[in-house]
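2 protein chains.
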Amino acid sequence: MESIRIGILGYGNIGRGVELAVRQNPDMSLVGVFTRRKPERITTCFPETPVYHTDSLLDFTQNIDVLILGGGSATDLPEQSPRYARQFHIVDSFDTHSRIPEHFDACDAAAKETSHVALISTGWDPGMFSLQRLLAGCILPEGQDYTFWGKGVSQGHSDAIRRIDGVVDARQYTIPVEEALRSVRAGENPTLTTRQKHTRECYVVAAEGADRERIENQIVTMPGYFADYDTTVYFITQEELDRDHRGIPHGGFVIRTGVTGAERETRQCIEYSLHLDSNPEFTSSVLVAYARAVHRLAREGQWGAKTVFDIPPAYLSPKTGAQLRQQLL
Amino acid sequence: MESIRIGILGYGNIGRGVELAVRQNPDMSLVGVFTRRKPERITTCFPETPVYHTDSLLDFTQNIDVLILGGGSATDLPEQSPRYARQFHIVDSFDTHSRIPEHFDACDAAAKETSHVALISTGWDPGMFSLQRLLAGCILPEGQDYTFWGKGVSQGHSDAIRRIDGVVDARQYTIPVEEALRSVRAGENPTLTTRQKHTRECYVVAAEGADRERIENQIVTMPGYFADYDTTVYFITQEELDRDHRGIPHGGFVIRTGVTGAERETRQCIEYSLHLDSNPEFTSSVLVAYARAVHRLAREGQWGAKTVFDIPPAYLSPKTGAQLRQQLL
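Protein sequences appear in the order of chains A and B.
The opening position of the first sequence corresponds to residue 1 in the working numbering, with each subsequent residue numbered one higher.
The opening position of the second sequence corresponds to residue 1001 in the working numbering, with each subsequent residue numbered one higher.
Calculated from the structure, these hints are not laboratory results.
Glycine included, every Cβ here is placed at the ideal spot set by N, Cα and C.
Heads up, some of the hints might be wrong.
Pulled a few chain A residues facing chain B out of the computed Cβ check, cut under 7 angstroms [what the hints assert, rightly or not]:
hint: 1; residue: I164
hint: 2; residue: S285
hint: 3; residue: D310
hint: 4; residue: L324
Next up, chain A with everything else stripped away, as it sits in the complex (with noise of 0.2 angstroms):
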């Protein structure tokens, strides 16, 4: 069988994800991984895999089919994306939604300058979800989307409570109301604030003598990130912290309930779900099976950028159609 050969741009935890995604493919090969930092400096998941400088990334041209970016929408994929889709066909995650479209007008052009694909923003919302967006909307044009996110951590938000004086270490959780999940279901078109759709968790380590009544205040009151919702804060100790709340926990629902019938009499409700012990693990598996799609546009002939929304479901298999028809279908 031939290998798709992987190279991994970046080396947080959606880099050590794709690095660990990519042993799970037996189709696939690590070429390395690019890294800005010291490549010596650096202690990846498998001893072999070879970490090199993105200083000599160019030198791989010919080596990598498909370059997977690891990196941070609000920086790195801006910048990288597109100046790496002019060498490489490449899959990144950038899920700042609104800058989607100049995101992808800044890759498309970039990659059609010399014919390589650019997946972008893929792994699960954007993503996954996405895509049951789109398929339930089409299925039952008359309806309504719901997302919810949860149970898990947002990094943006334990970011955020770090940042408060006082604070030596935080973790935040997204949980979904349950009642909130039962009315959508139950089709009833809830019209739902934000409060109403998700309370949050909050894992607080407090430096010692630190005034915790302050800083839960600062906390359940700050506006963006906790003012809307309902907040609940916990003090505990970096143990029980490094104990209890070590994973990166996540996942969401996407409902559409929508109506069918000559008199919309008919009530009709579509639910993904995901469920998921390491979110950055499961993104990258996403990228990974992306990326065996692109490889296969890029044999084709086609060039651009693209989404989720735009690959055939059966390039992201290693396996035939006529396989997959007599297995899956």
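Here the structure of chain A is known, so what remains is to put chain B in place on it, guided by the hints.
Only chain B this time, still in chain A's reference frame:
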């Protein structure tokens, strides 16, 4: 906006559902229903729907963009789909899983003769459930698939009961076993027997004076239908059946549990479920969405047989790529 002109071949539950669904899609219009029965004997959902005899169908090759076939998988579609794929772009819901490969080949050969597109075996299973099995399997290559059906009416099992001597009418429900669902979701990877996955409930109207004990025994021991299940039989009146069991609800669950991580220590779970008040209306809504994709493929000059695995999801939508990226990604 250009209108996609839909024809319907066959006017059973699926044909009616397609008639209803076309009305919910503003970019489509209905050319008419084609039936083997006497057109004047057909009462359509909407009085303005034209009804023609199938003998005149070939007069409409220039007026129909996509022909949706509402026939059954046992005898209608194996003959009709290849036959009409020579004259029209078609969509069918052929659902005999084991015979899909040969049906695909027959439609592929026929459609290619005259440069048509034949999208086969869509609906929800095969169809959406197949798509979810494919996506989940590609994301989590190391894992296990589970499909549960129900709670819903099984037409074939209801028919089997009606054929028993002394039975006037019957309705059978397939119900997933809660404990099995719980175990699967918990990642316990159970090996489930037929009996452990689903139970069957039968509502039976017996003829006056019929031997109910004999009927019940004939049902629960019926090989291939009920013998392998825990089956409960309730005798009710025709009035009760008509009042409480008139609908054709169905649904089900596709669950994949898998592992990621260096030691396969991380558990991930993907779940897709449908809760449908009308099985045929939902199936028809899927057929109509795929008719849009077929129309687009045809305009691009593609041809041959296709399945849900081959269709870029964006092709199901009337929206542009830019709209989809902005609104749904």
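Evaluation of the provided hints:
1. I164: violated (31 angstroms)
2. S285: holds (5 angstroms)
3. D310: Hint on D310/A: holds, closest Cβ of chain B at ~5 angstroms, below 7 angstroms.
4. L324: holds (5 angstroms)
When each numbered hint is compared with the structure, a violation occurs for hint 1 only.
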